[in-house]
Structure formats: structure tokens, C-alpha cells
Amino acid sequence: MSKVKIITGTSAAAEAARLCDVDVISAYPITPQTTCVEKLAEFVANGELDAEFIKVESEHSAISACIGASATGARTFTATSSQGLALMHEVLFIASGMRLPIVMMNANRALSAPINIWNDQQDSISQRDTGWIQIYAADNQETLDSIIQAFKIAENEKVLLPVMVNLDGFILTHTVEPVELPDEEEVRDFVGIYEPKHAYLDPDRPITQGPVGVPSCYMESKYNVQNAMNNAEKVIMDVNEEFAKKFGRKYGNGLIETYNIENAETVLVAMGSVCGTIKEVIDDLKQEGKEYGLLRIRTYRPLPINHIREALKNAKNIAILDKDITFGMNKGAVYTDLAGFLKDKKTTNYIVGLGGRDIRQDDIKEIMKHAEKAEDGETKWMGLKEQ
Amino acid sequence: MTEKQFPREEYLASGHRGCAGCGAAIIVRQALKAAGKDTIVVNATGCLEVMTTPYPETAWRVPWIHVAFENAAAAASGVERAIKVLQRKRKKYANKKINVIAFGGDGGTADIGFQALSGAMERGHNMLYIMYDNEAYMNTGIQRSSSTPLLASTTTSPVGTVIKGEDRPKKDMAMIIAAHGVPYVATACLSYPEDFMNKVKKACEIEGPAFIHALQPCTTGWKYDPKYTVKIGRLAVETGVFPLYEIKNGEFKITYRPLKRKPLNEYVKLQKRYRHLTDKDIEMLQKYIDERCKLLGL
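Read top to bottom, the protein sequences are chains S and V. The first sequence lines up with residues 1 to 387 when you count with our numbering. The second sequence lines up with residues 1 to 298 when you count with our numbering.
Watch out, some of these pointers could steer you wrong.
Computed footprint of chain S on chain V, listed as stretches where at least three residues anywhere in the stretch have a Cβ under 8 Å from a Cβ of chain S [claimed, not checked]: (1) 47-55; (2) 76-90.
Heads up, simulated SDA-like pairs for lysine to any residue below, C-alpha to C-alpha not over 25 Å straight-line [claimed, not checked]: (3) V:K96 / S:H198; (4) V:K89 / S:L285; (5) V:K91 / S:G47.
Computed Cβ-Cβ distance ranges for the label pairs, DEER-style [claimed, not checked]: (6) S:S221 / V:T161: 44 to 50 Å; (7) V:F252 / S:C217: 26 to 32 Å; (8) V:R90 / S:M1: 24 to 30 Å; (9) S:D358 / V:R17: 57 to 63 Å; (10) S:P114 / V:K231: 57 to 63 Å; (11) V:V162 / S:G328: 50 to 56 Å; (12) V:K223 / S:V214: 25 to 31 Å.
The set of hints was computed from the structure by calculation and includes no laboratory data. All C-beta atoms, glycine included, are put in the ideal place defined by N, C-alpha and C.
All chains, please: the whole structure from these sequences, using the hints.
Given below as C-alpha cells:
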């Protein structure tokens, strides 16, 4: 039987890993991820989850041990944040290159310096080219549901890529919300058991994993990762549908979610928890007869360009919010990713919420107004103090 | 195990791309003969990985995985725990005892992989880590590592007009790992296959982490005639440069005691990395080695 619990986003992530009956967890503590691994350690200590928890000495070793475990054939989970994710950087490429369906929870947090434990999305966005599927949850329920879906997506034979489920640090990781925990049996039925055919270490069938990729084969191996990303788009949509049928919840089409977009000339594009604030502002302004829309990118990699273009076909002003910055361009990464595909629109970019700076409803209203009268290509840092 | 009992099976195929006289290949050959078929190998980036696996070729007849340079011990931790949980939960690997052996060079072990190794040893994984120590970064072109011995010349500890070769003594990895309190630590040399293979066997049989520091003469980096690999290894032991011992459950034991230690000169004169040494240098090194041997009771 499913049940509703009032829990934080990190607890929801831990519950999801438990429900999916993960075999190996390997993680290193970092704020604001810690409560996730504490919860998992508790599950293992109490026998509520039959898994091996490797308490490694760094995030670099956390993801490396995940690779070892996944390559042996175990369902593998890890969780990290910010500096920890940055420390994993080189190994993230290896996880995708070796086609290992590891699932990670990442608590979005700013990167040093100056050191800052609060939310933005610079950490995961800086890993966008590592070959990981990236999903951004907007609330705690979606965090739980996305991790369950992530195992099914990652382990799909047409995909076989690692998946990173991102949730905003503190805003979701440390805020309690009612979360429906689906029935354990039903989740296990939904995700199945991981039975790899491509990668496992077995003395009865010795294979070599992670060999030298000489120039005559390296490009093909990377092309195959791109192909898997292409396949992932449909798999993510299918899994979203299948999940909806079984558990009664869905997140847009799995790739994007739109809100009041049909009649709006001005549409905001954003990822993560800020979308909740944006929806409220849209509702308020609707009362005053003003129409604004939201396009939430749920899946940032693969970036569903065609779906985004189609959803924005009637919009004139596209306001793209970034909780990250590409230094030297004065743009966020989401903007630079999208602008080239939206040449027939006016696109403007808003750098918001870096290092946990609040994004208030007034900021959203200001963005909407600005997007209407601004020049194409303008960038505005929101909430910046005069220096 | 005595010489006559060495298994005939080969788990590292010939035809790999190692240099003629490569000591790393000899170490792996002996180690896998001792460990047997039910072994999974985790390999750090380095000569061994590069020479054995240019895709689509592989020299490995046991399951093998390479992840990166500094994380062989961490990756091996994952392999070991995965086997444990899959045996328990999914009835995979039957009830077989599977050896997890990580191979790393001195750079991948004593330098960049040191933290991951320390973590894995401390956590008590049931694995054997073999450091094949050729005393420099050979794969990238003979740069010094923390395992490069005093006065040896490398491309980053060259013989200049002011500084002549490596100015720091060799890092003592076996003793450092012994300080972790692991149940089995040993030193070994490919020139003493019986000694080495018995150590691998013991390390595999014992529950918990084991570490073997295996000296690997390197024809390219030490600059000697490839036919001398075994001879130089033997001289390293006979001179006391590299004593063979084991520490089993905290008990230290010399496993090979030369009847009379040979003078250091016999070892260094065969290697061009030492050709700049003066009589005074050799005298100084001899004193250093004598002191270390005395400490170990040699």
C-alpha cells in the first residue's frame, strides 16, 4: 500500500533508492546531501534495505566504487552536491563511456569561491557534457518519482547511461512536504531487477571493461553515447507515461512541462523548484487579466530541443532563467543552449539565485516586465546589490 | 607452492604490447597463476593497462576492469561489495570465492592513488592490492614518483650541474599500509616467483585487505639490457636494496635472507639511471641501505 509521509527532498531520494532495492550505495557526506545518505545508512543498519553501503573517503572514490559495483552487475546509487560533484568530474565521463546505469541524487549547491552551501545549479550544469542524463525535480514528490524512473531509464538497453536527479539545495533538500511513497512491491515490479548483458565481471565469462580506446574506435564509442542520448528522449517519455498509469502521477511529457503557455506572448523558461514560484505569479497575474506562461525543462540532458521549440511556437518573448553563469559570455548555460534554436523569437537571459539569493515573486514579475520591453539577447542579473 | 607445482594455466596472454623484458607482465603472470581462474582484476591507468588492452585486443583471460589512474582501490571496493551483495541477494557467483586483485603502478598507488588506497585498506575490503613498483612514471616517460629511489635519474629528476638525480628517498609503501592494521602486507620481487606466488596465495586466502609491494625492474626506465630484468631484481634483493618480508596479522617475518648481502655497486652498475654516481655517492647509498637492513634485522 502506498502511504503519505511528510519528508524532506533528501529523505524522498533515500526512500526512492530503498524502494528500488538498490544493491550498492557508495557516498561521501556533503551539505546539503547528507540527510539522504544518513537515511540510507539507517535503512541498511535496520535491515530495511539489503544493500552494501561503502563509506568512502571522497566523492572521487564514491563514484569510482559505483563504477566498480555497477560493472560487476549491481544496481548502484550515490548522492552528492556541489564540490563533491566537481570532484567526481573526470569519473563522470567514465561512467557514461562505460555505459553504466548508475543513478545519482545531486543536491544543487553553489561552487566555491567564496565557499557557499546554498542553492544554485552551477554544479550540475557544469557537468552537462559528461554524458549523464540530467533530470531537475521541482518538488519532493518529483524527486522520489524521478529516482524511481531514473533506474528504469538508465537500465533500458537502448539507453544504458547514468542518470543524475537534481533537486535544489535547502529549498527542497531541507524542506518537508507531503510525499506519497508508493507500494514497495509495485515499485519493484515497475523497475524490475538489473540483469546487465553488456557489462558484468564474471570469472565464468571473462570480459575486458574500460580498455584503451585507440583513435580508430574512440569516436564511435562517443557517437554511441550520443545515440543513447537520442534514444533516451523517447524512453524518458515512455517511462513517464508508464509511471503515470501505475502510480497516477506524471511530469509533463517527462522532458518538459508547460503551464499556461497557450495564450501567453511572454514565456519564462526555468528548471527546478523556482517553477513553483513562477506558477504562483502566473496565477496571480491571470486574475488581473495578464497572461504569462512557463516552460519547465525537466530533462536538461538530453535537451529536448524539438519539444521546446514546439511548445514555444506561439510565444514572442522568451525569458530564460539561469541559476548558473558562463563566465566570459555573461549568459547562463540554459540560455546559450537554447538561444540558437530560438532565433525567430526575442530571447532574454536572467541570472538568478546564485549562492542561495532569494528569488521572490517580485523578481519574477520584474523578469516578465523586462522580457516584454528588453532588446533581444539582453542579460540581467536579478537582485544584484549596487557595489 | 614450489616451482614444480606452478600451474600451467596462463591468464595473461602473450602478444601484449609490453617492452621486451617487461617486469610488469612477469608480475601479473605469476600473480594470476597463484590466484587462479576465479579472479577479477582491477587495473589503474598505467603501462600495464595500456600495453594489455588496445581495443579490440585484450591480453586478459580473467575479467578485467580499468576506470582511471587514481581510483583502482576504490573501483575494486565497488567490485568486492557488489560480489558480496549479489551472492547474498541474487544468488549470483554461486558460493564461489572470488579474488579481487587490483594492480597499480607506483605512481597510481603511492602518489595519485594513495588516498583511495588508504580508504580501501581502512574499510577492510576483501581484496589484494599489488603495487608493481618500477620506481617512476614509466608510461608517461620516466618522471619521478614518490617511489623513485635516492639519486636515481629520471626525466624530472635529471642529472644537472647543480642537482644530480632524485633528491628524496623512496616512500616506504609496505610499512605505511602495515600501519593501517591490515591482516597481510608483503614485499615481493619477480625474481623470486615461489616467494611471490606463495604470498599472493596467502593474501587471497586471508579475509580482509592485503597489500603486496612488488619491485618491478623496468628495462626502459632503469635503462638496462632487457635480458637482465630477472638478474636486476635478484640483485635488488641480494644487496638489501629491496628486502623480502611479510607482515601477517602484525607478525613481521623476513621471507628471504641472503647468505651474505652483496655490495650495492653490483646492483647500480647495470643500470644507466645510476651511471652518474660517484664512489662517494655509492658509499653514501650503501650506508643508507645498511641502516635500513639493520632496522629490518637483515
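Results for each hint:
Counting residues of the segment 47-55 of chain V whose CB lies closer than 8 Å to any CB of chain S gives 5, which reaches the minimum of 3, so the coverage claim holds. Counting residues of the segment 76-90 of chain V whose CB lies closer than 8 Å to any CB of chain S gives 14, which reaches the minimum of 3, so the coverage claim holds. Restraint check: the Cα-Cα separation between V:K96 and S:H198 comes to about 22 Å, which is no more than 25 Å; the hinted pair holds. The suggested pairing of V:K89 with S:L285 is violated, with an alpha-carbon distance near 55 Å, which exceeds 25 Å.
A C-alpha spacing of about 18 Å is found between V:K91 and S:G47, which places the hinted pair at or below 25 Å, so the restraint holds. Between S:S221 and V:T161 the beta carbon distance is about 48 Å. The supplied range of 44 to 50 Å therefore holds. For V:F252 paired with S:C217, a C-beta distance near 48 Å fails the hint of 26 to 32 Å. For the hinted restraint 24 to 30 Å between V:R90 and S:M1, the CB-CB distance of approximately 26 Å keeps it satisfied.
At roughly 59 Å, the beta carbons of S:D358 and V:R17 sit within the given window of 57 to 63 Å. Between S:P114 and V:K231, the C-beta spacing of about 59 Å keeps the proposed range 57 to 63 Å intact. About 42 Å separates the C-beta atoms of V:V162 and S:G328, a value inconsistent with the hinted range of 50 to 56 Å. Distance hint check for V:K223 and S:V214: the Cβ-Cβ separation is about 28 Å, which falls inside the suggested range of 25 to 31 Å.
When held up to the earlier numbered hints, the structure conflicts with 4, 7 and 11 and fits the remainder.
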